[in-house]
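*Asks:* Which chain is which? The protein sequence lines are R and H, in order.
Under our numbering, the first residue of the first sequence carries the number 1, and numbering increases by one thereafter.
Under our numbering, the first residue of the second sequence carries the number 1, and numbering increases by one thereafter.
One thing to keep in mind: the hints can contain errors.
Said to hold, decoys possible - These stretches of chain H come out as covered by chain R in the derived footprint (C-beta under 8 Å, 3 or more residues):
hint : stretch
1    : 14 to 27
2    : 117 to 124
3    : 246 to 252
4    : 322 to 328
Claimed, not checked - Non-contacting residues of chain R with respect to chain H, defined by C-beta distances greater than 12 Å in every case (computed):
hint : residue
5    : Thr3
6    : Ala15
7    : Leu18
8    : Arg47
9    : Ala53
10   : Leu99
11   : Gly103
What the hints assert, rightly or not - Computed from the model, here is a short list of chain R residues facing chain H with C-beta under 8 Å:
hint : residue
12   : Ala6
13   : Ile7
14   : Leu10
15   : Leu12
16   : Pro52
17   : Ala56
18   : Leu62
19   : Trp65
20   : Ala68
21   : Trp96
22   : Thr98
Simulated from the structure, these hints should not be mistaken for lab results.
We put the beta carbon where it would ideally sit given N, CA and C, even for glycine.
Listed here are the chains, written in short residue letters.
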Amino acid sequence: MSTTAAILILSLAGAYALVGVLVAATFAFRGVQRLDPAAVGTGWGFRLIIIPAATALWPIVLRRWCSAPRASAAPTPAPPPDTRDAPQRTAHLIAWCTLAPVGVVIIAVGALLVPRAPAPVNLPSDANISAQAPASTPSAERAK
Amino acid sequence: MSVAYRAVGWSPHKRLYDAIIAACVVAFVLLFIGASKLFSPFASSTSDEILVMRALGTCAITLLHIILIIGPLARLSPRWLPVLYNRRHLGVLTFLIALAHGLLALGYYHGFAAVNPLVSLLTSATHPRTFQAVPFQVVGLTSLFTLFMLAATSHDFWLRFLGPRAWKALHMGVYLAYAQLLFHVAMGAMQSRESLPLTAIALGFGLTLVSSLHIAAGIVERRREQRSAHARTAEAEWIDAGPVRDIAPERARPLVLPTGERVAVIRHNDRISAIAGVCAHQGGPLAEGKVIDGCLTCPWHGWQYQPHDGCAPPPFVEQLATYPVRIVAGRAQVRSTPLKPGTATPPAPIKGDTTKAEPVESQRGAS
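So here's chain H without its partners, still in its complex pose (with noise of 0.2 Å):
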């Protein structure tokens, strides 16, 4: 959350989340490297630079695949959102990773060239208008470049400096990476025509499963938004939330007004309060995090906020905009006009029993 900012934000569970992930790199190159020396009919022809290599290369193009499916994973069970937190550490290490293969790659087929060795690469397609035009190696290059810009700005800093909302445009590049080094693999093997079948297998199986994983995600949560979608009480201005025992306790729940805002409505020490439902770090989920320490924590990253205020705890400053709340033969209501960020509001008691609650509402903040 904003405070100072440090180069890298260690914490426990971040040392051993890269602590884990940098064995099983070192782990799958080495066994990359071990079974192609065993298995591989083109293992006497082939060098160990060119082993270490495609070993590099192919780790970098599977971390991707991981990068890719841990977001709807997290989106289809919780469970998923431990390996959510540092995905960030993840996209850097493969970015270094394909920086590895990129710097060998160079080094080893243009190193050797009378001309500088990316002037090399750039005119390495020999054979006009023929299969081995196309520009695999190029592509390859620009996807670095991708990888690149997404690792460089992964920090905080960069997602305050450029605002949220170009910041996640410009993260979104990583579609465009994959499908970068999708060219670039197919079209590689298919030129080389070494381990054609194994890789178009391995690069059909990849691509199945980052689809069908994001496609359910996504009927996932056209299903979620149209169950919170809101329903309009008598009273215009106040909207229905729902009953307040289908909040759980220490819980929130999403609610949609008419005007398309998303609202956390929040059961917290019995008593319901409703605050801005998107995180100020990344436009996280709020209304699917839980009340920790007092505050609605986001699922995503765990940045924090009172349910009273929409503020975040000292000494961070960050503030959401707050609704009026009140309580209705058992129903939450949430005024759908929005108090301006870190207004108090406290919050509506659950009293008694919730079917039959008179009309009790939260003392209405200067709006």
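Bound-form chain R, shown alone (with noise of 0.2 Å):
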């Protein structure tokens, strides 16, 4: 990845952030007994300890909170769950016989890839550095 790119990345998600933190800050100390009763009356640590989600999910937060009623309600129940739905823990002999091939994949291709050593390269002994010194020096030169 080029410099550019990095930093246009990193620029984007650090906006992203920033205005993440601003609106969770708001929601989780003004505005989140509006969305759920059952915030209302709570501490400081049940509000600090959403500001991380809502700060990565804000634009979802912010949306349900525009369009909440201002009223308060008493605590409904939330709907209760779809009764059809095939419990996902089934799905997971679906899911786990194509995940356990993929790990398999990923570790043998790395395995593959892995460069081999150089091989070892024959440096010249001594002797035959001496040897293969040019003949034609400097002073051999002011001789002639």
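Assemble the dimeric complex from its two separately framed chains, guided by the hints.
*Replies:* The following block contains the structure:
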């Protein structure tokens, strides 16, 4: 990745996070009870603990907050879950029949791509270096 | 359950759970560092900062393996359920340890560059079209972000905010985090070439363990689904739920209706009742729970529902659909049409010899 692209990506992420922190902090201490009556009367600990996820999800949080009714309602039960959902754990069988081979492939490809050690190079001995010294030297040239 | 939120719902069980895992993490890190100094052929050339970094990284991926096997283990044997209750604490701890590893690595390998450390990390692939160009550090960063999203949304507030389906779909991202970490560790070890055989063996063992447990749990679940499949009676609107004697006292039995709806047929105080079989919290299998203090209790996180009306006990407000029940010739039958959540339906009493019981129908509630 080029430096320019990396700086651009990090700048966008930083801007997103900065806006997110501002929205999340305001939401945690002012707006959360409007979306969920169970948050009424909660302490600092709860409000601080929801800030990280609210920072990451701030567009969704902001949209819901803006569209939530102003009047606080009594706690209402969440809609009951759809009992026709097949338990996701049965999907694990399918997921793991595919993911297990993927993991094996990752390890195998990595092992195949590991570069081999370079072949040893035969370096000339000191005697050979002396014998191969150049015949013409500056002193030899002056003598000529 | 849904009363005013708290930052962490501490209980004696959770405190003990967290104390044990904290002690195990500290012991793991110390053992890793000690064993590396004693037995590693590269000990003399490896700084303490690198050892701590590797110890934290190894601890994080080990914790992730434990998190991944808890679910299928709990499906295979209920003795693992206590470990399932506080799995979210384990997940948050995994993220925090991975974060510590990431910050150390970022500071050690990129903190002395002329550019921003994160820019240095993103541009660290210096050999185009070679093995060293595989960006394993960037993949590590993305896996850290995935773990962050899982940890940050683990509070019940986000479960309610996002809805059970979206929240569960998000948290299936733990498998994405696992694949990313597998890549990060495999490629990183292969590029550095240190302890390569040991890393390959450990990763292979972990992957085999996680995969085989999931596949085994999936097979067991499929067989359970087939056993709890409905059987129609002579009257189309009543579904046979099996012999009453097959339902253990103060327990429940799963039933799948022709519409695919899951029902928990409960035996409590020698009476039979039926409520929706999916917990309002995170979709847990209510039929596999016990009746405690007069309420059917979800085996996953302990949420409770009264058998006669599907309501959570006060002050909680959750409600589940109820189903009229009758007993014919010792067999429980459930009406296929559910009643509105929270509708009271007096249970059908089990009278005398269940093999000769006359049809005893629960009073029909408002439909």
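*Asks:* Next step is simple, just say for each hint if it's right about the structure.
*Replies:* Hint check:
no., hint, verdict
1, 14 to 27, "violated (count 0)"
2, 117 to 124, "holds (count 4)"
3, 246 to 252, "violated (count 0)"
4, 322 to 328, "violated (count 0)"
5, Thr3, "5 Å, violated"
6, Ala15, "14 Å, holds"
7, Leu18, "15 Å, holds"
8, Arg47, "8 Å, violated"
9, Ala53, "4 Å, violated"
10, Leu99, "7 Å, violated"
11, Gly103, "4 Å, violated"
12, Ala6, "4 Å, holds"
13, Ile7, "6 Å, holds"
14, Leu10, "5 Å, holds"
15, Leu12, "13 Å, violated"
16, Pro52, "4 Å, holds"
17, Ala56, "6 Å, holds"
18, Leu62, "13 Å, violated"
19, Trp65, "11 Å, violated"
20, Ala68, "11 Å, violated"
21, Trp96, "4 Å, holds"
22, Thr98, "10 Å, violated"
When each numbered hint is compared with the structure, violations occur for hints 1, 3, 4, 5, 8, 9, 10, 11, 15, 18, 19, 20, 22.
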